[in-house]
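Colleague: Assemble the complex: chain Y is given as a structure, and chain L must be docked to it using the hints.
Chains as they are written, first to last, in the numbering used here: chain Y, 275 to 801; chain L, 412 to 896.
Check before you lean on any hint, since a few could be wrong.
[Claimed, not checked] Distance condition first, Cα-Cα at most 27 Å in a straight line; then the derived DSS-like pairs of lysine-lysine:
(1) L/K454 <-> L/K556
(2) Y/K396 <-> L/K604
(3) L/K613 <-> Y/K342
(4) Y/K757 <-> L/K829
(5) L/K522 <-> Y/K765
(6) Y/K654 <-> Y/K714
(7) Y/K756 <-> L/K829
(8) L/K895 <-> Y/K791
(9) L/K689 <-> Y/K500
(10) L/K454 <-> L/K522
(11) Y/K487 <-> Y/K417
(12) Y/K512 <-> Y/K533
(13) L/K744 <-> L/K719
(14) L/K895 <-> Y/K303
(15) L/K854 <-> L/K835
(16) Y/K401 <-> Y/K487
(17) L/K612 <-> Y/K342
(18) Y/K756 <-> Y/K300
(19) Y/K500 <-> L/K692
Calculated directly from the structure, the hints in this document are not laboratory data.
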Amino acid sequence: MQFFMRKPLLALALCLSTAISHAQTKIIKEVSDDIETQTRPIIQDNSLVGYLVFTRLEQASQDSFNYKITLMDENLNDIGTINFRDIGLELGSVAFDQDVLCLAYLQSTVKGKIFKKIKEAKHSEDKNDVVTQFLTLEGKIIKVNAIPAEVESSLQLAGNRWVHRGYQYTENLKHAIQLKNVSGKGFVLFYGDANGCNLAAFDFKGIQLWRKKIEDKQDFALLASKSDIYLLEKEQEKYIEGGGSLVGFDFDKGSAYPKIQMEDRDGRSLTLMSFGNDPVTGNPYLCGKVINSRFGNHIVSAKNFTTGPYDGVYTMSINGHSKKDIKQTFVYWKDGSQQPAINTKGYVADAASFMVLSDAFRDYNGNTYFVGTELIRRLKIGTLVASLITIPTFVLPPMILGIGGTNKCKATNAIVMKLSPKGVLTYDNTINCANTRFVKANTDYRDIDQRDYYDLSNPESKNTYVVADDLKNIMIYNVAEKKVVRTIAHKAGNIRTYVAPAKEGHFMVIEYNKKEKYTSLSIEPLN
Amino acid sequence: MQTAFERTFLVVFFILLFSNNTKAQNSIYSYYDLSEFSFANQKDSLKKAWDCPQLYKDKETQKKYKELWNSRTEFITASIDANNYIYDDAIYHYLSKIVIDLEKANSQLLKQKPLLLVDRSPSVNAYALGENVIVVNLGLITFAKTREDLALAIAHELSHNILNHAENSMENTAVWLTSDEFKNSMNSVLDSKYERLTRLKKVLETFTFDRSRHSRYHESDADSLAVILLKNSHISFDPEFFLRLDSTDEEYREPLKNPVKSYFTAYNIPLEETLFQKRAKGLSSHTYNFHDNETLADSLKTHPDCVKRYEKTKDEISIFGTTTPIPADIKEKANKMLIWNIYDNQNLTECLYRILLEKDNGNVDPWYDFMMYNVLEGLYYSSIQLNRFNAVGIKPKEYISKDYYELQNFLEQIPLDKLQEFCKAASSQAFWNNVPADARGMKSLFDSLNSGSANNGKVQVAAAKEYLTTFPYSMYCEFAEHFKK
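Chain Y with its partners taken away, still in its complex shape (with noise of 0.2 Å):
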């Protein structure tokens, strides 16, 4: 009884929702298990513009579902929503340019329904598609495309373990729909099925424009750069971390450019570290380790990067698509041109451990930044002293080297090292992190660093920033100015924090309170 109503929308969600706790909550409970949800970023020209939350409402008739796309605004903020019907549909990517998105999913006919029998479900119709969607900000669906797709497919229990609703099938495809905008151009789509990978290209009426195949490999990663397109692809065998190569295509044509083989003069593969734009010219660089013939592409333990796995780094700018067009940066340590600073076997003489590098990246002056785990690996005295001591009994000595070996390792802070635009390669600075214990060197060196580097950066301000998020802080490390702007503990009473990428010059803040069930987000500045 409210003289004025201002808030029409609030009062019948409130109305609603008394309704709903005061009538059988049991149907309202399954009616909602019945809706899915997936929440993907809206990405364009790699940043982050917005949200969108995909929701599958309820089974519409036999063969479709009731489907609502809601936006949101880079400050998660609603902005509009779209209803539309369809068979079973999960979202792959989003991308966004010129007022456009462009959503691509799989598409299938027997995607989201439950069969009751096993026969019933292996007796249906199984057609897939990838279908790309293009969509208006006036929520208008312009264009729809389908290709058609042959997925892995497996039928599963739906329900849980104690009420068994049926059965479902899972899909998946090869490699998973990736989509990037082409900035001013339209959107390329690329996925691997069964009868090989696919990569086309549409423009912004959701026309396509080609449609390729691409041979499969074990992998790849699709980067859109100016009017070109780029696809790194991993080789499936020989290199557990190498064996890469780099192929464009123009946009407009379709046309292949010559293929870039990622190794070194000698023919030494090269890890991929970061594939992206540089943030000053928009062109493709890569950056990462030049492998060691002998004692690389087969590191388990953390004894294993204490013996030289990497002989050095590299970058690599693609500013054109002649072989003169790309600019090669190598820096060896292997043959002990970097010492006293680096060691052959790549000790850093000012951390005073081995690098463990793991993310690397471009930041607004040309430098390339590497950035890693410092690992410390120490003779066990006492297990060395304890064999001397019990050589008499010719037994205990191999049983006590045997047991407890004869170094231990610990992977302390993150080193920060950087190579410049005239390739030189040089130690930075050294992130505080939180010390792991000394363990065996033979440990599996996974069990040993679960810290996670990623890289942020602010293009109003020109500033890099790297995340080293491990199991106790996360710390935000401004690159240019040498100096942890944020450590963020990960636990603080009953609340959990996690940091996520946001919109640019941000980052998220992800709080989630284990006592109050409830989780809280907040996008803060990087400044």
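Modeller: What follows is chain L alone, placed relative to chain Y:
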């Protein structure tokens, strides 16, 4: 000759007089004017007095009715505990006088003096809870221009109570929710294989439509009766107030008189123009125009449109002498209370925009400078707590003026070190000489909150406790309370 007793008495008297004056000057209101304290007794009485009547033989319907009845009691008691209401002598007596005038002239209809509450919400609204309780929001007091505007709103709410709308609504809801028709239609949702959500929505919309239809009749009835109550009380009724209500959503669309940057020149800190412009790429800067198929159908609205309310009542216009503007001190006080509440709820852009609008009106009260300092320090605190985004509360450009947009860009984008400079500059401004001790005490509280000390948690608690001990009656204790635990 004065005796020793007389001298002592006079000294004590003047000390008391002085201390009372100090208390009055210190705060706009006392901390203990908040509903948690000032309505503690009423809350207990309400709980006891609001006993659900036995209306239905059917147990299920009676149970549902009791649930609805209790939820209303819980709403009001929870609101009292959450300090949603405030008791302020001046504002209460001003509103109460209107209620008394209406009550006296309509004694046949209003047999008892209603319980009047003042809600601290900035929403331009008033509401009736039934059982002779009406609530007026501070937002309505600052929005209304005349005593007659307020009287119309109060008369409208009294009419709801006279016509038993709240009780009737609960009764209808209880009957509907326990009816076979409702149960059958709910069960039919599960019986259907397809479009379950659509069917469920339809069932609930039918229920809502029914309620809304009644509600809209109720609103029209309340408007009609309000006009009669006003006439009987010889209070002028101007239907144009309904038209003015249509502009209540425009509060943050009102432009500022000066460029946003100029309001910060006093701090002598250079500010780049780009800080006021949106810098990050995003959909918010694009033009979008969704044909929202989820907006509320007209039939589901609980209130008739303002224009329709005007049309329906325009012939009832009645003028009894001239209209009486709401006294400036009441408006000023309500506005300050509102701004403080918006601040305490951590809506910093809204708070600062209202401050700037006051400055545009030529208001040179140092309290607004003090609140500007609080906003800057509050923003700094929110930033180090990784909560600037929520403190700024970014609104889409469609709902705000260009100046509001620039202000929220500034608050969102100002770098932390520059913000710190602003806080420092604001803490040494001349206005501090003209604000009371409890306001000055906020400076040392913020010094502790924003100290960045490794042991910040304990420092915060100690500073908050010290503030609460030093200024136990200050309205700002509400803010210190947030950090006490």
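Colleague: Run the distance test for Y/K756 versus L/K829: straight-line Cα separation, threshold 27 Å.
Modeller: Holds - the C-alpha atoms of L/K829 and Y/K756 are around 19 Å apart, at most 27 Å.
Colleague: For the pair supplied as a hint, L/K613 and Y/K342, confirm whether the alpha-carbon distance does not exceed 27 Å.
Modeller: Given that 27 Å is the threshold and the Cα spacing comes to 17 Å, the pair holds.
Colleague: Can you confirm whether the C-alpha distance between L/K744 and L/K719 stays at or below 27 Å?
Modeller: 33 Å, violated
Colleague: When you check the alpha-carbon spacing of Y/K757 and L/K829, does it fall within 27 Å?
Modeller: 17 Å, holds
Colleague: Given the hinted pair L/K522 and Y/K765, is their alpha-carbon gap at most 27 Å?
Modeller: Measuring from Cα to Cα gives roughly 59 Å; hence the hint is violated.
Colleague: Could you grab the alpha-carbon distance between L/K895 and Y/K303 and see if it respects the 27 Å cut-off?
Modeller: 40 Å, violated
Colleague: Checking one constraint from the list: CA of Y/K756 to CA of Y/K300, max 27 Å. Satisfied?
Modeller: Given that 27 Å is the threshold and the Cα spacing comes to 57 Å, the pair is violated.
Colleague: Taking only the CA atoms, is the gap from L/K454 to L/K522 under or equal to 27 Å?
Modeller: 22 Å, holds
Colleague: Does the structure keep Y/K396 and L/K604 at a Cα separation of 27 Å or less?
Modeller: Measuring from Cα to Cα gives roughly 21 Å; hence the hint holds.
Colleague: Holds or violated: L/K612 with Y/K342, Cα cutoff 27 Å?
Modeller: 15 Å, holds
Colleague: Measure nothing beyond the straight line between the CA atoms of Y/K654 and Y/K714; if it is 27 Å or shorter, mark the hint as holding.
Modeller: 9 Å, holds
Colleague: Quick one, are L/K689 and Y/K500 close enough, alpha carbons at most 27 Å?
Modeller: 25 Å, holds
When the structure is compared with the earlier hints, violations turn up for hints 1, 5, 13, 14 and 18 and for no others.
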